[in-house]
Amino acid sequence: MKARVSAGERRDRALRIALPIVVLALGLAVWELVVRIEDIPPYVLPAPGNILRTLTSDWDLLSRSLLVTLITTFEGFLLAAAGGVGLAVLFNQSRLVEYSLYPYAVILQVTPIVAIAPLLLIYLPQHAAVLACAWIVAFFPVLANTTLGLNSVDRNLAALFSLYGASRGQVLWHLKLPSALPYILGGLRIAGGLSLIGAVVAEIAAGSAGAGSGLAYRIAESGYRLNIPRMFAALLLLSLAGIVIFYLLSLINYLALRRWHESALEAEH
Amino acid sequence: MPPATAFHGAPLVALRGVGKAFPNGVRALAGLDLDVRPGEFVALLGPSGCGKSTALRIVAGLSEPTEGAVEWAQAVTPVQSENRIGFVFQDPTLMPWASVFDNVALPLKLKGMGADKAAHRVEPALDRVGLRTFSRAYPRELSGGMRMRVSIARALVTEPQLLLMDEPFAALDEITRFKLNDDLLRMWQALRTTVIFVTHSVFESVYLSSRVVVMAARPGRVFAELAADAPYPRDQGFRTSPEYAAFCRRVSEALSRAMAAVGEP
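Heads up: the protein sequence lines correspond to chains A and B, in order.
Residue numbers for the first sequence follow my numbering, so the first one is 1 and each next one is one higher.
Residue numbers for the second sequence follow my numbering, so the first one is 1 and each next one is one higher.
None of these hints come from the bench; they were simulated from the model.
Cβ coordinates follow ideal geometry from the N, Cα and C atoms, glycine included.
Treat the hints with caution; some may be incorrect.
[Stated by the list, open to error] Heads up, simulated SDA-like pairs for lysine to any residue below, C-alpha to C-alpha not over 25 Å straight-line:
#1 B:K179 x B:S135
#2 B:K109 x A:V153
#3 B:K109 x B:R136
#4 B:K117 x A:S167
#5 B:K117 x B:E159
#6 B:K111 x A:L96
#7 B:K109 x B:R121
#8 B:K109 x A:N151
#9 B:K179 x B:E204
#10 B:K117 x B:A98
#11 B:K111 x A:W173
#12 B:K111 x A:Q170
#13 B:K111 x A:L79
#14 B:K109 x A:R259
#15 B:K109 x B:D33
#16 B:K117 x A:L172
#17 B:K109 x B:E123
#18 B:K109 x A:S167
#19 B:K111 x B:A98
#20 B:K111 x A:A159
#21 B:K111 x A:Q93
#22 B:K109 x B:L191
#23 B:K111 x B:R121
#24 B:K179 x B:K111
#25 B:K179 x B:P242
#26 B:K109 x A:L177
#27 B:K109 x A:L257
[To be verified] Not close to chain B: a few residues of chain A, all C-beta gaps over 12 Å, as computed:
#28 A29
#29 S94
#30 H127
#31 A158
#32 I204
#33 A220
Hey, can you work out the whole structure from these sequences and the hints?
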């Protein structure tokens with residue numbers, strides 16, 4: 001009985017991996033065929049093969065741009081993590097600070113970043129503006145999730161800490177932050193993808209040339225030059241970067257929580 | 001007048017006319033008088049909603065009475081009392097992110113005791129509950145009964161004068177509960193601590209305690225006190241003895257009367 005169940009599970013897992021690959025292969029084949037049969041010029045729609053060739057031939061340029069975007073994303077992510085957790089802790093420790101600042105955190109979050117980016121570029125140096133964009137988009141989920149986590153402490157555990165005369169610092173460090181860890185990591189997982197989006201939006205808004213330009217700038221630039229295959233190649237790299245960031249953060253989440261949190265436990269334990 | 005028991009002398013802690021009204025107007029307790037003498041095992045027995053848990057939280061200082069006072073023996077200053085109380089909740093209330101060892105070491109760590117020094121107290125505490133080999137396990141990996149043992153080890157690691165237990169075994173199966181009852185009595189005798197044990201089980205209260213305090217509800221108050229004279233150590237033989245059955249009957253009758261007396265203090 002048990003063997004049959006696990007065989008079924010194995011087949012299920014194989015299907016989960018195989019089916020998306022089949023869909024991808026089919027899609028690419030249809031795309032390639034349509035472009036060849038209809039003889040569509042590459043500046044309208046490049047074939048997948050063409051995009052791949054561009055990726056290898058332009059690799060020097062694209063990889064440098066990828067690195068720029070990844071570094072910006074990473075810096076923005078770190079700032080968002082520190083800012084989100086830091087603000088949440090500050091709000092948790094002081095009602096007055098929370099009441100004073102929380103509305104502005106919400107305003108930053110609800111105002112579309114595309115609309116803020118050009119303004120930031122006026123007042124800040126380009127790199128700082130791009131970072132600020134990545135930060136603004138990414139910090140709010142960290143703040144919101146951490147706040148939720150800090151407020152979700154087991155009441156009896158909190159009573160126990162007060163029974164043993166724990167100081168505010170001890171309660172924060174030994175009780176609230178560990179309780180909030182799953183929430184913080186959930187926020188960070190969202191923030192990873194968002195900081196990439198923030199970086200891309202700011203790069204496109206910045207639109208300046210030079211060696212220090214990121215992938216999003218390459219996309220915009222290639223668009224002006226009708227170099228559509230390179231546009232697709234840069235887009236491909238961007239989405240691969242997003243996938244890698246998401247899975248890296250999921251891995252960190254799993255490693256940090258696997259021994260104690262429900263979300264990271266295997267079904268049968 | 002409380003019945004005579006084997007325990008004499010000045011109370012370790014006394015509740016004097018304690019009342020508790022919640023902001024929503026509910027009177028959880030009114031005019032609660034209770035003396036607990038050193039070394040006693042007192043069971044607070046009553047229907048749900050009779051305020052027995054509230055009384056326990058007031059003794060622990062987790063909740064302030066709105067009337068009356070909690071008086072501690074002279075030897076226990078308020079500062080000491082922090083160290084002098086162990087509390088076991090109905091749920092094990094462990095930190096899921098910390099190992100068994102770290103959970104038990106928590107009270108010592110909060111007092112600022114270094115890890116090496118704490119280990120000398122945590123290891124015997126784990127020995128007492130038979131979990132030494134599980135010190136590196138996480139709460140997730142333990143059964144319900146084992147988690148409760150960790151909770152008891154944590155409460156006893158400071159060697160408190162007073163151990164407060166709030167229906168600690170209510171969620172466990174009967175076999176586990178009987179085993180933990182015996183272990184608890186053994187630890188109580190070895191450590192010579194004082195216990196206040198809240199329960200809604202007549203059988204558990206009679207098996208464990210030297211005195212059963214029956215409470216009535218709305219508002220919560222002491223309805224009757226019955227001394228259990230059966231000598232310790234008590235074991236499975238006591239569970240099936242005629243005197244156990246007879247005492248259970250007396251306590252059950254008192255409880256029935258207490259439940260009939262709801263709302264007529």
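We went through each hint and held it up to the structure:
Pair hint K179 (chain B) plus S135 (chain B) holds up; C-alpha atoms about 20 Å apart against a cutoff of 25 Å. Simply put, K109 (chain B) and V153 (chain A) have alpha-carbon atoms about 19 Å apart, close enough for the 25 Å limit, and the pair holds. Proposed proximity of K109 (chain B) and R136 (chain B) is supported: the alpha carbons are some 17 Å apart, at most 25 Å. Using a Cα cut-off of 25 Å, the hinted pair K117 (chain B) and S167 (chain A) holds, with the two alpha carbons roughly 21 Å apart.
For the hint pairing K117 (chain B) with E159 (chain B), the CA-to-CA distance comes to about 15 Å; that is within 25 Å, so the pair holds. A threshold of 25 Å between alpha carbons decides the hint, and for K111 (chain B) with L96 (chain A) the separation of about 30 Å lies outside it, so the pair is violated. Our distance criterion of 25 Å between C-alpha atoms is met by K109 (chain B) and R121 (chain B), whose separation comes to about 11 Å. Between K109 (chain B) and N151 (chain A) the CA atoms are separated by roughly 23 Å; this keeps the pair inside 25 Å, and the hint holds.
Distance hint between K179 (chain B) and E204 (chain B) is fulfilled; the C-alpha atoms sit about 12 Å from each other, no more than 25 Å. Distance restraint check for K117 (chain B) and A98 (chain B): the Cα-Cα separation of roughly 19 Å lies within the 25 Å cut-off, and the hinted pair is therefore satisfied. For the suggested pair K111 (chain B) and W173 (chain A), the alpha carbons sit about 14 Å apart, so the restraint of at most 25 Å is met. Taking the CA atoms of K111 (chain B) and Q170 (chain A), the gap is near 10 Å; set against the 25 Å cutoff, the hint holds.
Of the pairs offered as hints, the one joining K111 (chain B) and L79 (chain A) is violated, with about 35 Å between alpha carbons and a cut-off of 25 Å exceeded. At roughly 22 Å between alpha-carbon atoms, K109 (chain B) and R259 (chain A) fall within 25 Å of each other, so this suggested pair holds. Proposed proximity of K109 (chain B) and D33 (chain B) is contradicted: the alpha carbons are some 35 Å apart, above 25 Å. Distance check on the hinted pair: K117 (chain B) and L172 (chain A) sit about 24 Å apart at the alpha-carbon level, within 25 Å; holds.
Distance hint between K109 (chain B) and E123 (chain B) is fulfilled; the C-alpha atoms sit about 14 Å from each other, no more than 25 Å. Between K109 (chain B) and S167 (chain A), the direct Cα distance comes to roughly 12 Å. Compliance with the 25 Å bound is thereby established for this hinted pair. Using a Cα cut-off of 25 Å, the hinted pair K111 (chain B) and A98 (chain B) holds, with the two alpha carbons roughly 18 Å apart. For the hint linking K111 (chain B) to A159 (chain A), the alpha-carbon distance of about 16 Å falls within 25 Å, and the restraint holds.
Distance restraint check for K111 (chain B) and Q93 (chain A): the Cα-Cα separation of roughly 22 Å lies within the 25 Å cut-off, and the hinted pair is therefore satisfied. A hinted pair counts as satisfied when its Cα atoms are at most 25 Å apart, and K109 (chain B) with L191 (chain B) qualifies at roughly 22 Å. The suggested pairing of K111 (chain B) with R121 (chain B) holds, with an alpha-carbon distance near 13 Å, which does not exceed 25 Å. Between K179 (chain B) and K111 (chain B), the direct Cα distance comes to roughly 32 Å. Violation of the 25 Å bound is thereby established for this hinted pair.
Distance hint between K179 (chain B) and P242 (chain B) is fulfilled; the C-alpha atoms sit about 21 Å from each other, no more than 25 Å. For the given pair, K109 (chain B) sits about 17 Å from L177 (chain A) by alpha-carbon distance, which is consistent with the 25 Å threshold. With a C-alpha separation of about 23 Å, the suggested pair K109 (chain B) and L257 (chain A) falls inside the 25 Å cut-off, and the hint holds. For A29 (chain A), the condition that its CB be more than 12 Å from all CB atoms of chain B holds, with the nearest at approximately 47 Å.
At the 12 Å boundary, the C-beta of S94 (chain A) stays outside the reach of chain B, the nearest C-beta of that chain being 23 Å off. Non-interface call for H127 (chain A) relative to chain B: holds, since the shortest CB-CB distance, roughly 38 Å, exceeds 12 Å. Residue placement check: A158 (chain A) does not keep its beta carbon more than 12 Å from all beta carbons of chain B (closest about 10 Å). Distance check on I204 (chain A): its Cβ is at least 42 Å (rounded) from any Cβ of chain B, clearing the 12 Å threshold; non-interface status holds.
Annotated as non-interface, A220 (chain A) keeps its C-beta farther than 12 Å from every C-beta of chain B; the closest such distance is 46 Å.
The structure fails hints 6, 13, 15, 24 and 31 (numbered hints given earlier, in ascending order).
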